[in-house]
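Asker: What follows is each chain in one-letter form.
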Amino acid sequence: MAINRRTLVGGAAAAVVVGGGAYYLLRKDGATTVSSTSTAKKYDDGATDKEIKIGHTNPYSGPASAYGVIGKCIEAYWKSVNEAGGINGRMVKFVTLDDGYSPPKTVELVRQLVEQEKVLLTFNTLGTPTNTAIHKYMNQKKVPMLFVATGASKWGNPKEFPWTMGYQPDYHTEGVIYAKHMLANVKDAKVGILMQNDDYGKDYYEGFKEGLGKEAGRIAKHVSYEVTDPTVDSQIIQLKDSGANVFFNIATPKFAAQAIRKAADIGWKPAHYLNNVSASVGATMKPAGFENSQGILTAQYLMDPTDKQWEKHADMTLWRTFMNKYMPGANLSDAGYVFAYSVSFLMHETLKKCGDNLTRENVMRQAANHQKLKVPLLLPGITVSTSPTDFYPVQAVQLARFKGETWELFGDIMHAESS
Amino acid sequence: MPAFPKQWLWGLIALAVFVPLLQPVLPDVVSNYRLFLVSTMIIAAIAVLGLNLLTGFNGQISLGHGAFYAVGAYTAAVLMDKLNVPYWLTLPCAAAVCFMVGYLFGLPALKLEGHYLALATFSLALAVPQILKYKWLEKVTGGVQGIVLNKPEVPFGIPLTEDQWLYYYCLITMLALFWAANNLLNSRSGRAMMAIRDYHIAADTMGIDTALYKTVTFGISAAYTGIAGALSASAIAFVAPDSFNLFLSIKFLIGLVVGGVGSLAGSVVGGIFYVLVDNSAQALSLFVKNDLGLQFDLSAYTIFGILLILLMYLMPMGIVGGVYLAVRRLRQ
Amino acid sequence: MEQFLQQIASGLANGAIYACVALALVMIYVSTDHINFAQGEMAMFSTYLSWQLMTWGASYWVAFAAAVVLSFILGVIIERAILRPLHNAPVLSVVVVFIGLLAICNSMAGAIWSYLIKEFPSPFPKSSFGIAGVIGPHQLGVVLVTLIVLGLLFAFFRYTPLGLAMRAAAQNPSMARLVGVRVDWMLALGWGLAAAVGAVAGVMVAHIVYLDPNMMGGILLYAFAGALVGGIGNPGGAVLGGFIVGVLENMVAFAGNQIEKTTGIYIIGNGEKLTVALIIVITVLTVRPAGLFGRVVVKRV
Chain A
961 MAINRRTLVG
971 GAAAAVVVGG
981 GAYYLLRKDG
991 ATTVSSTSTA
1001 KKYDDGATDK
1011 EIKIGHTNPY
1021 SGPASAYGVI
1031 GKCIEAYWKS
1041 VNEAGGINGR
1051 MVKFVTLDDG
1061 YSPPKTVELV
1071 RQLVEQEKVL
1081 LTFNTLGTPT
1091 NTAIHKYMNQ
1101 KKVPMLFVAT
1111 GASKWGNPKE
1121 FPWTMGYQPD
1131 YHTEGVIYAK
1141 HMLANVKDAK
1151 VGILMQNDDY
1161 GKDYYEGFKE
1171 GLGKEAGRIA
1181 KHVSYEVTDP
1191 TVDSQIIQLK
1201 DSGANVFFNI
1211 ATPKFAAQAI
1221 RKAADIGWKP
1231 AHYLNNVSAS
1241 VGATMKPAGF
1251 ENSQGILTAQ
1261 YLMDPTDKQW
1271 EKHADMTLWR
1281 TFMNKYMPGA
1291 NLSDAGYVFA
1301 YSVSFLMHET
1311 LKKCGDNLTR
1321 ENVMRQAANH
1331 QKLKVPLLLP
1341 GITVSTSPTD
1351 FYPVQAVQLA
1361 RFKGETWELF
1371 GDIMHAESS
Chain B
200 MPAFPKQWLW
210 GLIALAVFVP
220 LLQPVLPDVV
230 SNYRLFLVST
240 MIIAAIAVLG
250 LNLLTGFNGQ
260 ISLGHGAFYA
270 VGAYTAAVLM
280 DKLNVPYWLT
290 LPCAAAVCFM
300 VGYLFGLPAL
310 KLEGHYLALA
320 TFSLALAVPQ
330 ILKYKWLEKV
340 TGGVQGIVLN
350 KPEVPFGIPL
360 TEDQWLYYYC
370 LITMLALFWA
380 ANNLLNSRSG
390 RAMMAIRDYH
400 IAADTMGIDT
410 ALYKTVTFGI
420 SAAYTGIAGA
430 LSASAIAFVA
440 PDSFNLFLSI
450 KFLIGLVVGG
460 VGSLAGSVVG
470 GIFYVLVDNS
480 AQALSLFVKN
490 DLGLQFDLSA
500 YTIFGILLIL
510 LMYLMPMGIV
520 GGVYLAVRRL
530 RQ
Chain C
716 MEQFLQQIAS
726 GLANGAIYAC
736 VALALVMIYV
746 STDHINFAQG
756 EMAMFSTYLS
766 WQLMTWGASY
776 WVAFAAAVVL
786 SFILGVIIER
796 AILRPLHNAP
806 VLSVVVVFIG
816 LLAICNSMAG
826 AIWSYLIKEF
836 PSPFPKSSFG
846 IAGVIGPHQL
856 GVVLVTLIVL
866 GLLFAFFRYT
876 PLGLAMRAAA
886 QNPSMARLVG
896 VRVDWMLALG
906 WGLAAAVGAV
916 AGVMVAHIVY
926 LDPNMMGGIL
936 LYAFAGALVG
946 GIGNPGGAVL
956 GGFIVGVLEN
966 MVAFAGNQIE
976 KTTGIYIIGN
986 GEKLTVALII
996 VITVLTVRPA
1006 GLFGRVVVKR
1016 V
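Those protein sequence lines, which keep their order, are chains A, B and C.
First residue of the first sequence? That's 961 in this note's numbering, and the numbers climb one at a time after it.
First residue of the second sequence? That's 200 in this note's numbering, and the numbers climb one at a time after it.
First residue of the third sequence? That's 716 in this note's numbering, and the numbers climb one at a time after it.
Keep in mind the hints are simulated off the structure, nothing from the lab.
It cannot be assumed that every hint is accurate.
[Unchecked claim] Within a straight-line C-alpha distance of at most 25 Å, the following computed DMTMM-like cross-link-like pairs (lysine to aspartate or glutamate) qualify:
1. A:K1096 / B:E312
2. A:K1229 / C:D748
3. A:K1285 / B:D496
4. A:K1102 / B:D227
Looking at chain A on its own, in the form it has when it is part of the complex (with noise of 0.2 Å):
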């Protein structure tokens, strides 16, 4: 019977994995989903008189992990709820899993969430692929896939999927947006698109396309990245060899900085439209330096927490206040806060508005009900409208040009109903 230390504490150490595992896998259900008998109140699986229970699925491992300040800060957010009393009396009971941005991930994660914790609906899931996996799982459930982070086009089609809401202006429309505006304002216009390859790149480049309609032959060179490329110079480099004047920058935060950066170390100097994804001043326009950036344009529909002329703003110093109190060390410049913070007040607005009426069916009429609410942190003048046959909820977006250290908005603010 000599069995040594090793084997023992590595036996212990399996035992661990497996039991938690296990523990995993048999723990009892939170199924409290007994309906209390009083006529006035009805509720689905996922809310009762004390609790309304909220799914979550987010990046927070992997590539796309720069992603998870936006769980983090939805879960801080929810907590404040909670400290003033709850929605109506209940709390909310927030359960944020991390995906890792694989789809097959999130189907396993989503239909824990849907059936093992019974939860009333999911929100602000994350990412285009992994949405679109569950995408029919939850309208065959008929459980409400509420305002997905992600800014595909397909998430505003009621007939078809009538329990999935977006929320952000999508990519398709804003490409759009771009297209208009180069067309009416940049003369013998040769344009140069710098894509990351996948379908975020891709809605925003077909949304382009559509825009510049007949005039699409001004699309010079179109030259794309992938996450895994170290740096995006050797695409720069063949833009501007093409002899493109405008530039259309669909990149993340860090390409795009090495995008601007790099246009500038090779002397090109084209009009150059940036992507409302990199549109931070923290997180794009220092890293690329203010002297490369000035003159870029964007769309913009949130306030950018970085950008000097909101420092005063009522909103701003709202989510301050909540940043500093609920998620202190928290980096303020991060735009996914604020993100995080304006959709979460519209769940927030959406589940107050539902009263005691807790159904599922509830929820998505509520959702689909609102008129030009003012949601802290959306740009002056956009607010959040939605109807049976409109799940889009922000749709309207701003042109803004980048000036000294700031984004300096101009023109009218644009609705631009994606059909």
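Starting from the known structure of chain A, fit chains B and C onto it as the hints suggest.
Answerer: Coordinates of chains B and C only, in the frame set by chain A:
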């Protein structure tokens, strides 16, 4: 590794077959979600078995089995989506396609050993998602958008839920594949495969056609993993290049090593681990945060890393190897 | 023609990054026979250390030196604490441990410093350095630094007793032990050196790709290919291999461009450039299985 006691094996299979039928009696314990979860474990186990045939039994390292998984999944998806092939028929097709791809890849791989083979397979895992997005293939593969599919329907009006049926579909496939692998390994060819792993030069001098055995093993291994990929396309009902990133291949390798290199039972353990480790890590992360009240944010990914190091430190031969050693010590 | 020159220059600049990381990979390989998949993440972590020191007010060079020294110590500690107990474990188990390390470094850096990209200063003067329009001052600086590090390592292994002892310990551990070399400390030293070289690489890379926890993910892959194509046991070969991979990749994109320009048909572009470059690398390896500059090791039966 000694054979698993026969009666235990039959007992386990009987359990695997009958427990899901208890769903009407115990709907909360045998829920659809859990059956689905076990199905994903089965799929992972098949994929890990494929890798094990190559790495564990033939000694060729691969960091790129995610590529074959992707090829299998896409073969199935394209057949179902474009040609309306029934889902069960996609398995042999995926196997055949992956066998060819694996065999062809095995030819240049003959020249490469150790780290160089690791690089070559690594590159394959990197290349496949990019090829799926390739401009001229977009029409077939759906490009970056991927392909949305339907879940397998229950045939002949058998009174089973969709997930029960999926589970049996996966289970039957797995049993057949493990049975075949077991027979292969206990045959003359299997012994040749292992001889090549252990003493390459000796095997060569004894008259074993090492080149043929190595390339065919590559093909078979790829076919196994490809079948797993085809199953996953049915189970998840969606394929996209993002599902098959580099980390998928790495996770197969982790499953292989943690389960047990060169062990059939190890592949099953590896498959279970592959699925459970994420969930365990998340549960532990929450536990540390909520119940132990640690201020520092210990993320699930950190715990995943610590778990891996701990497991390797304590059981360098994998879980099956560790358990076997422990049992032997206890008996002495 | 201008594009050709710029592509070569940018390829060389990228190549310098790969070369630097490849050097770190080689350091661990020659001393322990392992390829450290966590090398990139360790380098990233070192870079954050120097960034932290700079935000606390240290000057660039102080932070740089401190990060290199700290990384050296961390490298030694990791070898002693994590790798030492595993020296009899199968290779694949060690690979899994490396992946575990990778996960820990990556997520810890994210948890401590957040995932937001950070600018990292360049020590090279903006004017009077570099060739305008072709290669920037920092890019040229990285090439120089890589060559200097290579020179230093070469001198260390060639002319110092410690370097000789390290080589002996790697090539023939039992004989080295007999003549009084403390072999296990030599392994730890190898790890320390690798971590230190990695820190240099990270600091150089961070200005170009910006500092974030995932900055090394793609680069490690290129470095791996570079190290192998040059011969994994040979620091000079690895550096050259890094440059080759960097330039090759850009040349593939350039060639694809030219084809598209002249014939109007898209064959290869930026999406496929890495794939094609890797195919070329692997083809080369099947012809020269020990790498371009590696020596073929004759196996004893």
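Asker: Evaluate each hint against the coordinates.
Answerer: Status of each hint after checking the structure:
1. A:K1096 / B:E312: The given pair, whose Cα atoms are some 45 Å apart, is violated under the 25 Å limit.
2. A:K1229 / C:D748: Cα-Cα ~49 Å, so violated.
3. A:K1285 / B:D496: Within the cut-off at roughly 17 Å; holds.
4. A:K1102 / B:D227: OK: K1102 (chain A) and D227 (chain B) at ~20 Å, within 25 Å.
Of the numbered hints given earlier, the model fails hints 1 and 2; all others are met.
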